[in-house]
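Chains Y and L, in that order, give the protein sequences. The opening position of the first sequence corresponds to residue 757 in this note's numbering, with each subsequent residue numbered one higher. The opening position of the second sequence corresponds to residue 9 in this note's numbering, with each subsequent residue numbered one higher.
Treat each hint with caution, since some may be false.
Straight-line distance between alpha carbons at most 25 Å, and here's what the computed SDA-like set of lysine to any residue pairs gives [stated by the list, open to error]:
(1) Y:Lys936 x L:Leu151
(2) L:Lys73 x Y:Gly983
(3) Y:Lys1168 x L:Tyr153
Note that these hints are calculated values from the structure, not bench results.
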Amino acid sequence: MKTTLIGALAASATLLSTTAALAQTEVQFWHAFTGRLGELVTAQVADFNASQSDYTVVESHKGNYSETLNAGIAAFRASEQPHILMVFEVGTATMMAAGGAIKPVHEVMEESGASFDPDAYIGAVKGYYTSTDGQMLSLPFNSSTPVLWVNRDAMQAAGVDPDTDLSTWQNVGAVLEQLKAGGEECPLVTAWQSWIHLENFSAYHDVPFASQDNGFAGLDTELMLNGEAQVAHLTAMGEWAADGKFIYTGRRNEGGANFRAGDCALFTESSAGYAGISSEAEFDFDVRPLPYWEGVGNAPQNTIIGGASLWVMSGHDDAEYKGVGEFLSFLSSSDVQAAWHQNTGYLPITAEAGEATRMAGFYEENPGTDIAVIQMTAKEPTANSKGLRLGSFDQIRGIIDEELEAIWSGDKSAQEAMDSAKERGDALLRRFEAANG
Amino acid sequence: MEKRVTFRGWMLPLLLIAPQVVISAVFFFYPAGQAIWQSLFIPDPFGLSSQFVGMGNFEFLLGDKFYRAAFLTTAIFSILVTLCSMIPALFLAVLADRLIKGSGVYRTLLIWPYAVAPAVAGVLWLFMFNTRVGVISWYLGHLGYDWNHVLNGGEAMGLVVVASAWGRISYNFLFFFAALQAVPKSVIEAAAIDGAHFWRRFWTIVLPLLSPTTFFLLVVNIVYAFFETFGVIHTITGGGPQQSTTILVYKVFSDGFVGQDLGSSSAQSVILLFVVGLLTIIQFKYIEKRVHY
Chain Y
757 MKTTLIGALA
767 ASATLLSTTA
777 ALAQTEVQFW
787 HAFTGRLGEL
797 VTAQVADFNA
807 SQSDYTVVES
817 HKGNYSETLN
827 AGIAAFRASE
837 QPHILMVFEV
847 GTATMMAAGG
857 AIKPVHEVME
867 ESGASFDPDA
877 YIGAVKGYYT
887 STDGQMLSLP
897 FNSSTPVLWV
907 NRDAMQAAGV
917 DPDTDLSTWQ
927 NVGAVLEQLK
937 AGGEECPLVT
947 AWQSWIHLEN
957 FSAYHDVPFA
967 SQDNGFAGLD
977 TELMLNGEAQ
987 VAHLTAMGEW
997 AADGKFIYTG
1007 RRNEGGANFR
1017 AGDCALFTES
1027 SAGYAGISSE
1037 AEFDFDVRPL
1047 PYWEGVGNAP
1057 QNTIIGGASL
1067 WVMSGHDDAE
1077 YKGVGEFLSF
1087 LSSSDVQAAW
1097 HQNTGYLPIT
1107 AEAGEATRMA
1117 GFYEENPGTD
1127 IAVIQMTAKE
1137 PTANSKGLRL
1147 GSFDQIRGII
1157 DEELEAIWSG
1167 DKSAQEAMDS
1177 AKERGDALLR
1187 RFEAANG
Chain L
9 MEKRVTFRGW
19 MLPLLLIAPQ
29 VVISAVFFFY
39 PAGQAIWQSL
49 FIPDPFGLSS
59 QFVGMGNFEF
69 LLGDKFYRAA
79 FLTTAIFSIL
89 VTLCSMIPAL
99 FLAVLADRLI
109 KGSGVYRTLL
119 IWPYAVAPAV
129 AGVLWLFMFN
139 TRVGVISWYL
149 GHLGYDWNHV
159 LNGGEAMGLV
169 VVASAWGRIS
179 YNFLFFFAAL
189 QAVPKSVIEA
199 AAIDGAHFWR
209 RFWTIVLPLL
219 SPTTFFLLVV
229 NIVYAFFETF
239 GVIHTITGGG
249 PQQSTTILVY
259 KVFSDGFVGQ
269 DLGSSSAQSV
279 ILLFVVGLLT
289 IIQFKYIEKR
299 VHY
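In isolation and in its complexed conformation, chain L is listed as follows:
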């Protein structure tokens, strides 16, 4: 039987949720509403006049093959960033969890990159892979590989994925590590007594028990890859070469703040809002069913 503590009356609960409601209204509902409204117009940059075009902005965007290509780029980029940040994080967490001595030091060191802002991380990686003075591109040159992310789209994508995933590994590590610590030792010991070796215990016991954390991180990392990697892309590639690293969010920026085309930029924000909403619904509807709490 579930125990519930309930409030009497409406005033106190309303008062208690009011700060959250106000914050959401000011920083989410109002701007989102503005974006939806503006997406129906083609305004001039100074706001002196604007022309109602209805769905015109959406038609323009969906008819643009470069915009459609940005969807594919975003999908590839998000999947790669999510995988590249979650798998190493899990691996490191499992290793750190097995440490008996000095785990605190490892933990601290592994968390550090999270403190680096995306734009700074971008510049750091750019320096290492700079085609002229980069340490890594210099070594690659000695090995006979001519690194040039300025012209090679695949290399540019790889670089922005690594730079975006790098700081994220720390964040994911933290959650995986905490979740691993919460796995009951008795279950693992019982399995060990039954003769299950480490990997078998990992696959059949630990991983399923980690599933709520993994699911949470999946959602959070995809949202991260969609929205927060702007700084990395802006500093490393600026969306190039050609359009190989132009993800949807970068296009919102370049159309809105470079092109001063606020109508198209708003319409893109609205599309993005729906895409991420849809993704989250899908994740909760289908993937969450496989999660054991």
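Only chain Y is shown next, with the shape it has when bound in the complex:
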């Protein structure tokens, strides 16, 4: 109730300020958030508009991530592009390759004179969105990383100690066996299979997902997801699927419904699942770090992020870019970030915001909410764990989903499926290279 009220107030405040002050410079901001997240964005914008009188940020919702990106692209082709466009992490390479369509964030910040310290941002978050020479191209907005969610009641019901160590897949494998034997019908479920079990898996074990530093070093990159480590993991997952220990529910986060209803014992999902799970789960739950295979690669390295960043589009006036700079600087400020982190479960983008959250005692009151931060920042990212920068990646994920389904249904071995995913994905990477080279 309280949040709807704030949302409504914020919305009316935005309306008022847009009509009241036509002399103000207007900054268009297109995003992909609805529901609770949409309300929070509206509130952030309203706070910014109220905090100064030179600029008015106008936010509009343009559909889901893919639809927002498409809306931005179509608008650019019609020369109607917004100043700020929210783009999900898999669209990063598309945006980066579009040199003429974007204005790098570091440039916007320098020219606008707004306070901006690139070093304040958390490396593992920022790394995804910086160029090879370390310049920040887009502003990280909402970032999360996968963790393991545990239904303690379900563990107990199957006769497994809920405090069992689940830090490695070896241990998880043994627990799945016990859960199955204890009558649990859904021992393990996952969301975002490619993101968690291939992309993050590779970074976490410090093995390459694609050549050329996962695409950071050039467009002539090729997938390497058919490596030994990945295939071994997927083979194990495939065996668990065949034994009914791993239940496949769909390509997106369909499994979340099963877990929140208490049907499943273990769930690999984004740390941002916190809001939903904490409000709906009627059982005792735990957050644990994502498991790794003991002895494979350099695990545990660090996991990588998912989510979206804000891109500034080209073709606007300097005065407007100044407003953009002010707004982005406002979004990065410690208070705004700390509130965002605590409300949503997304990672803070600056170390300072994380520290403020710790100081406020949030992590003690909400145990496990800092696991994602620790998992991301415990080690300095390597070339394999900085992130992924692959063209047509949304579609490549679709191909990976298809091939993973072939493993879960037993139609293909993990090796065959990943070889095929590489072959098909590489064809798309070559087309992307041709279009953007």
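Given chain Y, work out where chain L should sit, using these hints.
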């Protein structure tokens, strides 16, 4: 001797067909021309640069075994949707036609599903067959059948076919019903007096007289299955599992709007244009010969 009313001069007829010509030009010829032009390039998504590749996009597509597989999937899907929507519609129309009382109520109820948009129909069926909370999958589970269209390609195909055909039954019913009403009663009565029983009358008199309607519906339903079932597939399976429900139109969407590969997407639209044109020509050339007007 045929009577024809003709116009004197050119201006009035041109003026009268002008709205249709303008609509076709703006909404059909211009976009089709654009698609053909774009299919020769690999552009970047933002339209900043594009590279002429000639037939390169077509070579890329036809060399892709998954694209060729989508043809087969589309053929299976279209045939199944057409059959599953026409046969029950005809059956229901014959039954409704024989009703003496209350046919209006049946008619109205049978037409209702047509008002449901494909995407909504998709969600409705998805709820019934949802592997976790679906009513039907729950019953199937009790009968010992483990329904899982998320992993089983055959089941996924069945589900999208049923969801696509369901609303279409109403549309087909409407046409069949009207056509049945137009069958002259005297012919049927004459046959009845000659001792022909119901099924014999149906096969030898009613069905041939329905042939113009059946032919029209065949063409329209195939076009429907090709182009308008996108919403159902997008909401239920997203083309999966693996590629078992990826039909050609779905691939145009996913390559163009998920992959931002407008060159390939345009080339696919052009191929689709030719396939449907060819199908329609075949239908008019060969099947129409068997139609009695």
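Status of the hints after comparison with the structure:
1. Y:Lys936 x L:Leu151: Since the Cα atoms of Lys936 (chain Y) and Leu151 (chain L) sit roughly 23 Å apart, the hinted pair holds (cutoff 25 Å).
2. L:Lys73 x Y:Gly983: holds, 24 Å
3. Y:Lys1168 x L:Tyr153: Measuring from Cα to Cα gives roughly 24 Å; hence the hint holds.
Of the numbered hints listed earlier, not one is contradicted by the structure.
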